[in-house]
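Peer 1: Chains as they are written, first to last, in the working numbering: chain R, 1 to 100; chain A, 1 to 253; chain V, 1 to 656.
Counterexamples of contact, computed for chain V against chain R with all Cβ distances above 12 Å:
#: 1; residue: Gln232
#: 2; residue: Ile588
#: 3; residue: Ala654
Computed footprint of chain A on chain R; a stretch qualifies when at least three of its residues, placed anywhere within it, have a C-beta under 8 Å from a C-beta of chain A:
#: 4; segment: 7-17
#: 5; segment: 27-39
#: 6; segment: 54-64
#: 7; segment: 71-80
#: 8; segment: 83-90
Since the hints were derived computationally from the structure, they do not count as laboratory data.
The C-beta atom is built at its ideal place from N, Cα and C for all residues, glycine as well.
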Amino acid sequence: MSPVADYLILGSILFALGLVGFLSRRNLIVMFLSTEVMFQGVVVNAVAFARLHHHLEGQAFALFLLVIAAVEAGLALGMIVLLYRRRGTLDAEAWSIMRG
Amino acid sequence: MSGSTASALYFVFALGGAGVYFLLPHGDRPRTMVGAILGLGALVGWFVVLAFGGLMGTGHTGYFYLFATIAVVAAARVVTHPRPVYSALYFVLVVIAVASLLVLQEAEFLAVALIIIYAGAILVTYLFVIMLASQGGSATYDRRAREPFLAVLAGFVLMAAIASHADAVPESVTDRPAQLASDSSAGVVADSNTLAIGQLVMTKYVVVLEVAGLLLLIAMVGAIALSRKKVPVESGYRPTEPVGEIGRKVEPF
Amino acid sequence: MAPDTLATLKICGIVILLAPLAGAILAGALAPVLRGRAHWPTILGVGAAFAAAICVFIHVRQFDAEHVSALVPVYDWIASGTGSAFRVEFLIDPLTSVMLLTVTGVSLLVVIYSRDYMREHGRPEKGYERFFAFLALFVFAMCALVLGGNFVLLYLGWEAVGLCSYLLIGFYYQRPAAAAAAKKAFLVNRVGDFGFGLAIFLIYISFGTLQYGEVFEMVERGVLANGDPLTQGRVTGIALLLLCGACGKSAQLPLHVWLPDAMEGPSPVSALIHAATMVTAGVYMIARCGAIFTASPLAMTVVAAIGATTALFAATVALVQTDMKRILAYSTISQLGYMFLGVGVYAADAAIFHLFTHAFFKALLFLGAGSVMHAMGGIIDMRQFGGLRKLLPWTFLTFLIGSLALAGVPMFSGFFSKDEIIHQAFTRHWVLGTIGLVTAVLTAFYTFRMVFVAFFGDERVPEGVHAHESGRWMLVPLFILAIGAIGAGYLGVGGKPFHHFLEPVFEHTFVAANPAWGGHEAGHAVGFWAAYGLMIISGGLAILAIGAAYVLYNRQPWIPPLVRASLPQGYDALWNKYYVDELYDDAIVKPARKSGKICVGLDDYLIDGLVWVVTAIPRGLAYMLRGFQAGAMQGYALSMVAGMAVIVLLVFWAGK
Numbered sequence: 001m002s003p004v005a006d007y008l009i010l011g012s013i014l015f016a017l018g019l020v021g022f023l024s025r026r027n028l029i030v031m032f033l034s035t036e037v038m039f040q041g042v043v044v045n046a047v048a049f050a051r052l053h054h055h056l057e058g059q060a061f062a063l064f065l066l067v068i069a070a071v072e073a074g075l076a077l078g079m080i081v082l083l084y085r086r087r088g089t090l091d092a093e094a095w096s097i098m099r100g
Numbered sequence: 001m002s003g004s005t006a007s008a009l010y011f012v013f014a015l016g017g018a019g020v021y022f023l024l025p026h027g028d029r030p031r032t033m034v035g036a037i038l039g040l041g042a043l044v045g046w047f048v049v050l051a052f053g054g055l056m057g058t059g060h061t062g063y064f065y066l067f068a069t070i071a072v073v074a075a076a077r078v079v080t081h082p083r084p085v086y087s088a089l090y091f092v093l094v095v096i097a098v099a100s101l102l103v104l105q106e107a108e109f110l111a112v113a114l115i116i117i118y119a120g121a122i123l124v125t126y127l128f129v130i131m132l133a134s135q136g137g138s139a140t141y142d143r144r145a146r147e148p149f150l151a152v153l154a155g156f157v158l159m160a161a162i163a164s165h166a167d168a169v170p171e172s173v174t175d176r177p178a179q180l181a182s183d184s185s186a187g188v189v190a191d192s193n194t195l196a197i198g199q200l201v202m203t204k205y206v207v208v209l210e211v212a213g214l215l216l217l218i219a220m221v222g223a224i225a226l227s228r229k230k231v232p233v234e235s236g237y238r239p240t241e242p243v244g245e246i247g248r249k250v251e252p253f
Numbered sequence: 001m002a003p004d005t006l007a008t009l010k011i012c013g014i015v016i017l018l019a020p021l022a023g024a025i026l027a028g029a030l031a032p033v034l035r036g037r038a039h040w041p042t043i044l045g046v047g048a049a050f051a052a053a054i055c056v057f058i059h060v061r062q063f064d065a066e067h068v069s070a071l072v073p074v075y076d077w078i079a080s081g082t083g084s085a086f087r088v089e090f091l092i093d094p095l096t097s098v099m100l101l102t103v104t105g106v107s108l109l110v111v112i113y114s115r116d117y118m119r120e121h122g123r124p125e126k127g128y129e130r131f132f133a134f135l136a137l138f139v140f141a142m143c144a145l146v147l148g149g150n151f152v153l154l155y156l157g158w159e160a161v162g163l164c165s166y167l168l169i170g171f172y173y174q175r176p177a178a179a180a181a182a183k184k185a186f187l188v189n190r191v192g193d194f195g196f197g198l199a200i201f202l203i204y205i206s207f208g209t210l211q212y213g214e215v216f217e218m219v220e221r222g223v224l225a226n227g228d229p230l231t232q233g234r235v236t237g238i239a240l241l242l243l244c245g246a247c248g249k250s251a252q253l254p255l256h257v258w259l260p261d262a263m264e265g266p267s268p269v270s271a272l273i274h275a276a277t278m279v280t281a282g283v284y285m286i287a288r289c290g291a292i293f294t295a296s297p298l299a300m301t302v303v304a305a306i307g308a309t310t311a312l313f314a315a316t317v318a319l320v321q322t323d324m325k326r327i328l329a330y331s332t333i334s335q336l337g338y339m340f341l342g343v344g345v346y347a348a349d350a351a352i353f354h355l356f357t358h359a360f361f362k363a364l365l366f367l368g369a370g371s372v373m374h375a376m377g378g379i380i381d382m383r384q385f386g387g388l389r390k391l392l393p394w395t396f397l398t399f400l401i402g403s404l405a406l407a408g409v410p411m412f413s414g415f416f417s418k419d420e421i422i423h424q425a426f427t428r429h430w431v432l433g434t435i436g437l438v439t440a441v442l443t444a445f446y447t448f449r450m451v452f453v454a455f456f457g458d459e460r461v462p463e464g465v466h467a468h469e470s471g472r473w474m475l476v477p478l479f480i481l482a483i484g485a486i487g488a489g490y491l492g493v494g495g496k497p498f499h500h501f502l503e504p505v506f507e508h509t510f511v512a513a514n515p516a517w518g519g520h521e522a523g524h525a526v527g528f529w530a531a532y533g534l535m536i537i538s539g540g541l542a543i544l545a546i547g548a549a550y551v552l553y554n555r556q557p558w559i560p561p562l563v564r565a566s567l568p569q570g571y572d573a574l575w576n577k578y579y580v581d582e583l584y585d586d587a588i589v590k591p592a593r594k595s596g597k598i599c600v601g602l603d604d605y606l607i608d609g610l611v612w613v614v615t616a617i618p619r620g621l622a623y624m625l626r627g628f629q630a631g632a633m634q635g636y637a638l639s640m641v642a643g644m645a646v647i648v649l650l651v652f653w654a655g656k
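Based on the provided sequences and hints, a complete structural model is requested.
Peer 2: Spelled out as structure tokens, the structure:
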């Protein structure tokens, strides 16, 4: 039996939930929030694997993942603000110029 | 994973998927109650499968169940709540639960870092933006989810496919005592997780550290540039089609 | 046949064909330059053709008894692999030369006349150049028809004259009546030409060749190309189909309906095409194909019957018409009926003689009517003018001469030619002869009714019209034709030079087959009383009819309205031409329109529907697939995740 199966399953549940939210919510902010939830799932997975292999590489990876998440959140929110200013709405479907 | 365990797991996931589907906002017909019941049932079932399927690792305590519950429920609410502010707040809960789980896994530094960075910085930023762009109450685009069925299906199928192989990791490492305080690969010996990580990062991954710093600088510059951009305001956008239908209906030539 | 004679004939034939054609092309191509002088290319072209026709005549007169006809090959047009080529070749014999002279001579006079007719106050009408180009083209086509040595050239000329007729009838194409008349002429001709085409096919299938000489020789021998005997049924079929074409072109029953409407064209056109030349093409064709027709007694009877019936029918209708040109049109139909009657009773030479004289006086009458129309400012309805005798003296004189000829008054040309046909008709069957006589009486009556109403009585002109006599260019042709109307008849009297000239052509066909003669001898009178008695009777009846017309329309003009009032239905039937046009309209035109509408409906619903169904498949597919391209980012993300899920599933399950 795997010592980390439960954490892996938990990580995948969090990831899936975040994925569902990203795909189905129309609010731009909630969409990005869902991606953050996906990040959480990945962090759980990374740390579980670190424990499996008895070293800290997974945790270091998770740390840098955190940095990336922060960077992404900052820039994404900046752009969301711009988009909101442009169209006056946070609806993701306001930006469907490439339809057809 | 034995076949019966896998089947039970799939069933649980299906149940959870149904629950999430009902939890997603559906406009004028909120079915949160049904979704909540299904979701909780799925959660319980999952625990049952974990316990009796022999999937629990060694040395686990009941705290896992607690924090897992909080994390999953909060994550579900982040994703399905109609109002963005509540989504953000539930996200804070998710972060705290995940941090607790990390502590359970003896990754204390990461846990605290998570709380500081996520709950402290990122979430606050999110809340600021939500407040900035909120239109009072839940807007039209928050009331209905876009293609909920397909999204849930795709997500949970993916999850089931991955999760069904959760025990496919090698077993050779199960007998080693958990010595997270020390890093066997780099020969680092430290007596706290923070020190261990610090030593690892500063020696083996220092370049990555510098790059991370550079990345943060760039992000800061970028954020400032974005905020100063003058954007012409286009006329108000009025959604003309129901959710998920944009681009669907086109007149035949 | 001396080779240089052949060469001369070939050159003459080519000149006859190409000179008018060149005139047509020049008149058309140089139209902007020539303007009011556009008549010169036509006059010169037709004049050259006339000169060449005279040359041909001179040579043909010198043919000796054995070499009656000259087949002059010009060049191979389409050579098919089996060796039977469609060759452009001329058949030059007395019949050809008579027709050529008539056609080119009358055409020349009409062209000269048109130079003044197509002008208003001295300035050329709009389309002046077009007119002369078409006239020259017509002369070319008619000559091709007459000169041709095989059925292909005959058909070519046939269709071409039909085309020129259409172009010229519809000359004033802005007038809807004219455009409709042109269409009608062409379509009715087409109906006849359909039968003609079938006849040609049948001839080709039966005899393997389309050359006159070869076909007629095989018919006379009674064999087909493959050696089988020629059955009565087949030759009758060919003859009747040829007759179909002749009826269309020569306006016989039931395809006569286009000729009265063709009067919408200018008067020179009516004179040339619808009196003297084109409509006689049918008679020419029957005369030329004498071998085929005489081989089938049934066909001959049909020809005679159609001719007689048409003659009587048209004469009765002409009695009550008030449009001078229309009276003349019905008169033409009636006289053509005489010609058909003539060939039908084996008197082909008499028929061609009548064709010859008729060309003169009918053209004269039409040109005279044109002169009247010119003076009356375009009005030709007799009810609107009268007493033109003093106002238009020369026109009156020539018109009178033409009417006397038409009425068959003794000493004028029509008398001699018509009388002979009636005589031959009597020898065949008394009914035919009686119809001929009655028609002659009616002809005299309506002709002079026209003369008395238009030229005698009180002088009346329409409002605002200054009646003046026509100019030199119009009067000189009238004089020449008047001389011909009087003098041409004498070619058929006494020694009958005309008939002798044509003798070799019909010797083996009409004369030989004539059951009345029992085999030989040309149409000599049988006994004094039979011949001269008939002449006296017909001449006397004609004069009586003229007197009756004089009384009714000059002395006691109250009688005709009384007659009309007492027989209203009869009058209406005659006035409306026996409602034939209405009958055709109901029986043919309306169903054709209806089927056209059905086809349109079918096209709209069935075919367009089918197309729609076929296109619905890609459209439906596109509609279904369009959802993937909604432009919303989440849709794309969903597709990606779904794809990823499928791949993951496959990988995991495959690797299980």
